[in-house]
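First to last, the protein sequences are chains A and B.
First residue of the first sequence: 1, per the working numbering; consecutive thereafter.
First residue of the second sequence: 1001, per the working numbering; consecutive thereafter.
No lab work stands behind these hints: they were computed from the structure.
Glycine included, every Cβ here is placed at the ideal spot set by N, Cα and C.
Incorrect hints may appear among the rest.
Computed footprint of chain B on chain A, listed as stretches where at least three residues anywhere in the stretch have a Cβ under 8 Å from a Cβ of chain B [said to hold, decoys possible]:
1. 87-101
2. 104-118
If we take Cβ atoms under 8 Å as the criterion, some of the chain B residues that face chain A in the derived model are [claimed, not checked]:
3. Thr1092
4. Arg1101
5. Arg1230
Pulled from the structure, derived: some chain A residues nowhere near chain B, Cβ distances all over 10 Å [claimed, not checked]:
6. Gly38
7. Arg59
8. Asp139
9. Ala142
10. Glu182
11. Ala200
12. Ala204
13. His214
14. Met227
15. Thr228
So the chains spell out like this:
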Amino acid sequence: MTLRPRASAASRAREHAPPPPLPASVTLAAQDLAARRGTRLLWQGVNLTLSAGDALVVRGANGVGKTTLLRVLAGLAHAEHGSVRWRGAIVAPHAQALRDDVLFIGHAPALRDELTAAENLTSLAALAAEPMTAGACSDALAAVDLAAQASLPARVLSEGQRRRVPLARLASTSRPLWILDEPAAALDAAGVRWLGARLAGHLAQGGVAVVSTHAPIDVPGARVAEMTL
Amino acid sequence: MTDEVTARDPQAIGAALRWALARDLAIAVRTRGELGVELLFFVLVASLFPLTLAPDPALLRTLAPGVLWVAALLASLLALPRLFAADFASGTLAAIALSPRPLAALVSGKMAAHWLTTGLPVVVLAPLIALAYRAEAADIAVLVAGLALGTPILSMLGAIGAALTLGARGGGGLLALLVLPLYVPVLIFGAGAVGAVQAGLGGAPHLALLAAGLLAAAVGAPLATSAAVRIALE
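Go ahead and model the full structure; you've got the sequences and the hints to work with.
Below is the structure:
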């Protein structure tokens, strides 16, 4: 269960690559994490260290606690045991340091049925203090193949279309830490390729990503570690 | 929770308030049918009493403040489950809690939207209904002042209850049980202000207490609500 990205590869990349635009201290680490559901221990002894440019793919059967791990790392839930460090400092759930930097896209699409797809997207972006212009919004929706649905209320979108609306934020966000729960589940082949390219761009800029997925996502040229819960 | 009080800059607080207020008002406008139901509920409940009581002007005038306050309270309660439930179910509440903006300011914006859509219309309609109770101008003035000070407290206390009952089974009934006892002081001072004016004592002390309650709620309720929201998301 212990997982460390190949340190040699990481240090080689640091020697040769130009300095990343994000602070070099962009590091997500967890020590001896454990989570409980009811009386049952979901998982324990999870250790990880992800530095700038590292991605972690979390796999596992339904119900093993992938979402719980992602929620703990995003600072939404308490771990039963252990600690999470972001930029070197231990962060409690809901810590400002984490909220300033994390982009969390969960299972639920965070849409309000009463608002249109475009309104939902701009509203989510504004909530995250990354306001979007109308042009950026339609570009982002086009990237997830929702250009034609931009002005439809979220109520009439299909389940797959609903899940793609929050994913459109990946087109323009500058958050250094991406935590994505099953992002590929609602995407077609072209959508998964777009997601892989966005992830690759994010990592190349020195970002960190934690992604749970059943389907393989091809992230060209990235250091991707895998963890199976 | 500690960083809420020391939220760094007023701009972030203002942006959070504006975001939540604008969004909830936009949603309220799209679902104005539901708002109409709540207001109609207030008008109907308040109008039923004169029909069932003896047509005695003195009796009606005595009953008016109590009946109008209870109706206002029920109308406010009726809209409470909507305050967080839809955002909780859709996952938006997690996005709200993870926003870099202070959560206490975000929930304050939602409380303000709740008051603007349920409390303010009641304040505006109350004088018209009070006329059906043969209320006098002085009574009506104090009634409206009391409602204007008291209904925001109802929205703020109600928000705490709405956040605490998120995800609980039988949420609506539980919410009423939780929140109604908290509403009692508001009810007593709000209706008491009109009673005091009718008794020739002047309503100022009651209104001053309501104003004090409003300030206390404005400080405490956002913090309590944001703590409850975070517990609900665990």
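- Does the claim that A/Asp139 lies outside the interface with chain B hold up, using a Cβ gap greater than 10 Å? Given that every Cβ of chain B is farther than 10 Å from that of A/Asp139, nearest at about 21 Å, it holds.
- Item | Nearest-CB test (10 Å) between chain B and A/Ala142 | 22 Å, holds
- Query: Going by Cβ atoms, does A/Ala204 stay more than 10 Å from chain B at every point?
  - Reply: 24 Å, holds
- Query: Going by Cβ atoms, does A/Met227 stay more than 10 Å from chain B at every point?
  - Reply: 22 Å, holds
- Message: Does A/Glu182 clear chain B by more than 10 Å, comparing its Cβ with all Cβ atoms of that chain?
- Response: Correct as stated: the minimum Cβ-Cβ distance to chain B is 13 Å, above 10 Å.
- Query: Can we keep the B/Arg1101 interface hint, with Cβ of chain A closer than 8 Å?
  - Reply: 6 Å, holds
- Given B/Thr1092 was flagged as interface, is its beta-carbon under 8 Å from a beta-carbon of chain A? Because about 5 Å separates B/Thr1092 from the closest Cβ in chain A, which is inside the 8 Å limit, the hint holds.
- Query: Holds or violated: is the Cβ of A/Arg59 farther than 10 Å from all Cβ atoms of chain B?
  - Reply: Check passes; 22 Å lies beyond 10 Å.
- Item | Outside-interface status for A/Gly38 - nearest CB in chain B farther than 10 Å | Answer for A/Gly38: holds, closest chain B Cβ roughly 13 Å.
- Are at least 3 residues of the segment 87-101 of chain A within less than 8 Å of chain B when you compare beta carbons? Contact hint for the segment 87-101 of chain A vs chain B: holds, 6 residues under 8 Å.
- Beyond 10 Å from chain B, beta-carbon-wise, is A/Ala200? 24 Å, holds
- Task: Between the segment 104-118 of chain A and chain B, see if three or more residues pass the 8 Å beta-carbon test, and mark the coverage as holds or violated.
- Result: holds (count 11)
The structure meets every hint from the earlier list without exception.
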